[in-house]
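Now for the letters of each chain:
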Amino acid sequence: DTGVSQDPRHKITKRGQNVTFRCDPISEHNRLYWYRQTLGQGPEFLTYFQNEAQLEKSRLLSDRFSAERPKGSFSTLEIQRTEQGDSAMYLCASSSQGDSDGYTFGSGTRLTVV
Amino acid sequence: QKEVEQNSGPLSVPEGAIASLNCTYSDRGSQSFFWYRQYSGKSPELIMSIYSNGDKEDGRFTAQLNKASQYVSLLIRDSQPSDSATYLCAVWGFAGGYNKLIFGAGTRLAVHP
Chain A
126 DTGVSQDPRH KITKRGQNVT FRCDPISEHN RLYWYRQTLG QGPEFLTYFQ
176 NEAQLEKSRL LSDRFSAERP KGSFSTLEIQ RTEQGDSAMY LCASSSQGDS
226 DGYTFGSGTR LTVV
Chain B
1049 QKEVEQNSGP LSVPEGAIAS LNCTYSDRGS QSFFWYRQYS GKSPELIMSI
1099 YSNGDKEDGR FTAQLNKASQ YVSLLIRDSQ PSDSATYLCA VWGFAGGYNK
1149 LIFGAGTRLA VHP
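Top to bottom, those sequences are chains A and B.
Residues 126 to 239 in my numbering are what the first sequence spells out, letter by letter.
Residues 1049 to 1161 in my numbering are what the second sequence spells out, letter by letter.
Think of the hints as simulated: they come from the structure by calculation, not from any bench.
It cannot be assumed that every hint is accurate.
Only part of the chain A face toward chain B is listed, based on derived beta-carbon distances under 10 Å [to be verified]:
# : residue
1 : I137
2 : Q162
3 : P168
4 : F170
5 : E181
6 : A218
7 : S232
Here are the computed lysine to any residue pairs in the SDA-like style, where the Cα-Cα straight-line distance is at most 25 Å [claimed, not checked]:
#  : chain 1 : residue 1 : chain 2 : residue 2
8  : B       : K1090     : A       : R147
9  : B       : K1050     : B       : R1076
10 : A       : K182      : B       : D1075
11 : B       : K1090     : A       : V144
12 : B       : K1050     : A       : S187
13 : A       : K182      : A       : G141
Far from chain B, by Cβ distances over 10 Å, these chain A residues were calculated [stated by the list, open to error]:
#  : residue
14 : S198
15 : T201
16 : T237
Values in this document were obtained by computation on a predicted structure and should not be read as measured data.
We put the beta carbon where it would ideally sit given N, CA and C, even for glycine.
For reference, chain A alone in the conformation it holds in the complex (with noise of 0.2 Å):
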């Protein structure tokens, strides 16, 4: 297993344009993650699945994004009609239950609206 993959690396779009990012965890790890990171600051929780479900997500996600983890296998991360503010690092990291030993990122996806 190689840890933590994400796809792709980088994206430029035209603003209003859909984009839509992919993430494949750790195999054993049935919790994922999708953080969301602007230059100078911490990474920031964008959602949590456990298995196929979406347990939560945050209120920094507007009706514009949406993420799924079908089979409770990969996940996607979709934004819908992009605008320049959606500029960011987002980042997919993966945990197992129980394991409170912090989570594994994945190499992140640079989004660029332009």
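Given the structure of chain A, go ahead and fit chain B onto it with the hints provided.
For chain B alone, kept in the frame of chain A given last:
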């Protein structure tokens, strides 16, 4: 009040010196604390975890926890230029309904030769 607070820095130290990074948190019920290192343009990498009051050492890194003061610190001994990065403090918290890591804004460390 932010849930996890760190000085943004930059903290500049000479090579070979001890770098001291500090973090305070607001949730008294927090039990697990982490330090992540993040190089520019990269994702965070876990370097230390601490759960009990006192010190925990791992190589050149020492994490210190004082739950009564709601304070966590990271000491880096014999600092090297390769330690230059942003250090993120993270606390396992219950804000909003489910346990998740809550991050500070990070402290930028610069180690100069």
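(request) Go through the numbered hints given earlier and state which of them the structure violates, listing their numbers in rising order. (result) 1
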